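Engineer: Listed here are the chains, written in short residue letters.
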Amino acid sequence: MSVWNYVVTAHKPTNVTHSCVGNFTSPQELNLIIAKCTRIEIHLLTSHGLQPMLDVPIYGRIATLELFRPHGEPQDFLFIATERYKFCVLQWDAETSELITRAMGDVSDRIGRPTDNGQIGIIDPDCRLIGLHLYDGLFKVIPFDNKGQLKEAFNIRLEELQVLDIKFLYGCVKPTIVVLYQDNKDARHVKTYEVALKDKDFVEGPWSQNNLDNGAGLLIPVPMPLGGVIIIGEETIVYCSATAFKAIPIRPSITRAYGRVDADGSRYLLSDNAGLLHLLVITHERERVTGLKIEHLGETSVASTISYLDNAVVYVGSSYGDSQLIKLNLQPDVKGSYIEVLERYVNLGPIVDFCIVDLERQGQGQVVTCSGAYKDGSLRIVRNGIGINEQASVELQGIKGLWSLRSSTNDPYDTFLVVSFISETRILAMNMDDELEETEIEGFDAQAQTLFCHNAMHDQLVQVTANSVRLVSSTSRALLDQWNASSGFSVNVATANASQILLATGGGHLVYLEIGNGKLVQAKHIQMEYEISCLDINPIGENSHYSSLAAVGMWTDISVRIFSLPSLELLTKENLGGEIIPRSVLLCNFEGVSYLLCALGDGHLFNFLLNTSSGELSDRKKVSLGTQPITLRTFSSKDATHVFAASDRPTVIYSSNKKLLYSNVNLKEVSHMCPFNSAAFPDSLAIAKEGELSIGTIDDIQKLHIRTIPLGEHARRICHQERSRTFAICSLKNCQTITEETEMHFVRLLDDQTFEFISTYALDTYECGCSVISCSFSDDDNVYYCVGTAYVLPEENEPTKGRILVFIVEDGKLQLIAEKETKGAVYSLNAFNGKLLAAINQKIQLYKWMLREDGSHELQSECGHHGHILALYVQTRGDFIVVGDLMKSISLLLYKHEEGAIEERARDYNANWMTAVEILDDDIYLGAENNFNLFTVRRNSDAATDEERGRLEVIGEYHLGEFVNRFRHGSLVMCLPDSEAGHTPTVIFGTVNGVIGVIASLPHDQYLFLEKLQSNLVKVIKGVGGLSHEQWRSFNNEKKMVDSRNFLDGDLIESFLDLSRSRMEEISKGMGVSVEELCKRVEELTRLH
Amino acid sequence: MGSLLADWPSYNPHNFSQIRPADPSAQPSKLTPITYHPTHNRTLPPPNQVISTETRHILLRRFYQKSVEKLRPKRAASDNLTPDHGSKQLRGAFADGCN
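Read top to bottom, the protein sequences are chains H and Z. Counting in UniProt numbering, the first sequence runs from 1 upward without gaps. Counting in UniProt numbering, the second sequence runs from 1 upward without gaps.
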């Protein structure tokens, strides 16, 4: 059953909606604060650039973000208002590094028509009041008292109903707003009002200006001494004040964002809808404005927000492309641009469509999104986990161990690769032609399995076999010294570093050797009560050649022990519990924190914090990495240490912000791994897989990898075809001619490896692509791309004509082989019982694929179903059809073969405006609607009455806070038949803010457990700004607001892992479940994405 | 053009002084900030700073203000004869606000 769902973010929102600059974290520090719809990020300006400080989830969609400085305060406060009419004022407490709430409240009104043009929130520059325009005809005032405290809010009637912008004017004795509005004849004007706080009313302001540019849309208040306001239109820019009026014409454009450069307000950066950046300059003499000038600077991403930072560096936040950090240069470059891009920040938004494919055929899904808009449109390939990019491989069966060795201590590169087998050891080395060939190290025993080998100090090498330890010169390769195991007590496990060797022989003997120049010295020997299963003496202290601690894993009592070296004195013993023996232990250090990792034979991994002076272990945590024994090895990449856990589910363990993270590796099964850094293969890993040894480079260590394919046009639909190994996209390109702007629409074919356009089909004038699928038909072996289109004519409210185009890919070309005209827009296409199911305006229509006498095919209408407002989203399962309607929620149709008819079976009678639907299982369907909610409905096929059977019952409701454009079944992670996560059915969604999320259907007991965890977490993790989690997640639209049910907030649940140990214990107490168990269960969830 | 693009504001000359322009083909910035999960008690504001909107309707507020303003001159008149002049002014001010 898919009733109980877990919703979690795999990729956080990246659409930047707001930004501001000020002294937030300290009076001396300059911060950039950016809003990404439901999150804010606080950055610090430093000499090296922007340094991210904090990512703050907000329980709301941010409508306003403003920094302000109340009287007498040394630093700025942050004002945030949310779309659901909550606001808060945040202050940074530098002592505790916490955000504290100075004020918060609810600014909703019971009656009122929400504004069409978005919410406006502004703060008086003299900090006398906060102004909000949330409902038509009302202006809300939250006054400050003289101590900077907020007082009760009140409404003032605002006569202007179609408000485009409101700003406070600078330098006014009474707080004064300027209102840009449109009258009922569509003319635009500005008007000023003084806010009379005592009378709670407006007083006619000092000036007004009628009949502005018809495209006037943005007000920029100018600070003193100039004062007044700049009005940005589509064809003119106007400066207006009580005493002056100046105007300049501009090239027609829509300005989306502005940023003030100078504190005195004489220069502004403006960005238009084509991403062109301009500098607007107010020229003035003796505090009087004399004119305006505008200069073209260059092109950036289409900006939604611009913040001038410092020293000519500007932050450009974008909703339609990557955000950027740019520098304004004094001289233009060769292309005439004054802009230099210093950094860019990936933005997947808006994700309009995506598909899930396994391009590398490794059993792991990758998401390919249609991202961005206009010129910044792109495809993004999003992959979970860390990729190993194979450089070379050789077939080798039965590898039992792998080590790399340098030919001298100071050699920067590895020369030898030691490969151990059950009864022999082979040495590979790079030859002159950068090829691996077999060689010999004479001093090594090649006729035995190597248990361990390592570079030792004084240009020596160490090899440990079952019988002996051999010390070999790395220059002469001759044996220098040898330590032999007593007869009958062969070496079982061994480890070494540059100066020490620790080994265990049968009978529980633990032997410690020290490496001298040409000498091996047995320094200590103890006997343990049980056999030893694994060992480690990786140096993690200050001396990188010597470890003062040894970690030892034991058979029988299933414990891990820490000994001091050289004394072999027991410091700590930790019982692991259970019956599975530890197979690999590792001492390691991440970001200055020491850990002991201990892997078991069943794929579980323990990690402990390690006190390096006392050997004490604390903060025990357990995760499940796979089902087979794990071998742990450290490696370095980009100057950081990571751990590779080789198993049936290879994983890289790394640390970010002092938290251990586990990332999947895109390989199926790895038995052994060692770093191999050679001149020909720098920074590579040698990997032993099933019957194969390969050398590969490793991706940057992070959880999600995103590759960008810039298109220069806006891709709106995407589909993959396995047979031809291609993608088909429907895209549109904006073409600017001197006289007008036109759109051209295409169907394009892309190679699925190179992502190059290999074929294009141009659609007709006014025709745009609405849907694309890859499918095949009954009695025809070919695989086709079917494209649904609409003729969008300017004079029509709804398209009355469209086409279904059937293409075949031949020789890498799109060949149109059939087309069918439709009586409306083909919003959706589905392969259905060997036929083609189309959603065309109000109708669902089924087409047969008919063979004509001449051998060609045509689409022939078979049957249909009327009764929708607009059938936008269609999913099918067997003979069932689930339709998401423009405004009539979800309905369920059934195709009857015998009668050749489609009938409605049930519907949800709520008036949800749908944005996406998906079928979770036979009876449960998932929907997303345009108030950012998710819901599930259930078909009651067993109900007693027709009425009940005809109703889809709403069983789950949840406020996601994101606009979902597409659901797809699939997973971002490798599907493993054995693991628990592999069994959880998941749906991926993509949103306007660039979020990729996962909805996992959980078993009921797991759901109940996590629901309890969530309710305990809500008590411990507070909403920033005092905003309530319960209210945030409540299903909310114009008609109703109900508590969320049958959906869990995975983002909150997974934040358990970020809590301090004491908070975890608090939760553990509340739950009656150990911290270890909680960590393990939550960690498993994080591996769903 | 040069003069317009000169003298960019500088608050701290060190900011961005060490930054190297990224190779356009290079991977974008990957530094990820710590995600904030407050567990302290100061996410709730002081009790007097939980703000709500005055519940009285604008029209009622207008009536109320009017009645207060009507009352004031009357009381003044009974106490003192001179404010007669003042009461006219008040009414006038109110009438302006009304329009």
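Hints were generated in silico from the structure; no laboratory data involved. Just so it is clear, the structure is predicted and the values come from calculations on it, not from any experiment. Any given hint could be a false lead.
Unchecked claim - Capping the alpha-carbon separation at 20 Å, the derived lysine-lysine pairs in PhoX-like fashion look like this:
#1 H/Lys843 / H/Lys820
#2 H/Lys1080 / Z/Lys70
#3 H/Lys1069 / H/Lys703
#4 H/Lys327 / Z/Lys66
#5 H/Lys1069 / H/Lys1012
#6 H/Lys820 / H/Lys835
#7 H/Lys668 / H/Lys638
#8 H/Lys147 / H/Lys198
#9 Z/Lys70 / H/Lys198
#10 H/Lys813 / H/Lys801
#11 H/Lys200 / Z/Lys66
#12 H/Lys174 / H/Lys191
Engineer: Now, for every hint given, state plainly whether the structure supports it.
Structural biologist: Structure-based check of all given hints:
1. A distance of roughly 16 Å separates the Cα atoms of H/Lys843 and H/Lys820; the hinted pair therefore holds under the 20 Å criterion.
2. Proximity of H/Lys1080 to Z/Lys70 is assessed by CA-CA distance (about 72 Å); at most 20 Å being required, the pair is judged violated.
3. Note on H/Lys1069 and H/Lys703: the hinted pairing is violated, with a Cα-Cα distance of about 31 Å set against a maximum of 20 Å.
4. With a C-alpha separation of about 58 Å, the suggested pairing of H/Lys327 with Z/Lys66 is violated against the 20 Å cut-off.
5. For the hint linking H/Lys1069 to H/Lys1012, the alpha-carbon distance of about 12 Å falls within 20 Å, and the restraint holds.
6. Restraint check: the Cα-Cα separation between H/Lys820 and H/Lys835 comes to about 14 Å, which is no more than 20 Å; the hinted pair holds.
7. At roughly 25 Å between alpha-carbon atoms, H/Lys668 and H/Lys638 are farther apart than 20 Å, so this suggested pair is violated.
8. Restraint check for H/Lys147 and H/Lys198: the C-alpha separation of about 17 Å stays at or below 20 Å, so the hint holds.
9. Simply put, Z/Lys70 and H/Lys198 have alpha-carbon atoms about 17 Å apart, close enough for the 20 Å limit, and the pair holds.
10. For the proposed pair H/Lys813 and H/Lys801, the alpha carbon gap of about 27 Å is over 20 Å, so the pair is violated.
11. The straight-line distance between the Cα atoms of H/Lys200 and Z/Lys66 is roughly 13 Å, inside the 20 Å bound, and the hint therefore holds.
12. A threshold of 20 Å between alpha carbons decides the hint, and for H/Lys174 with H/Lys191 the separation of about 16 Å falls inside it, so the pair holds.
The structure fails hints 2, 3, 4, 7 and 10 (numbered hints given earlier, in ascending order).
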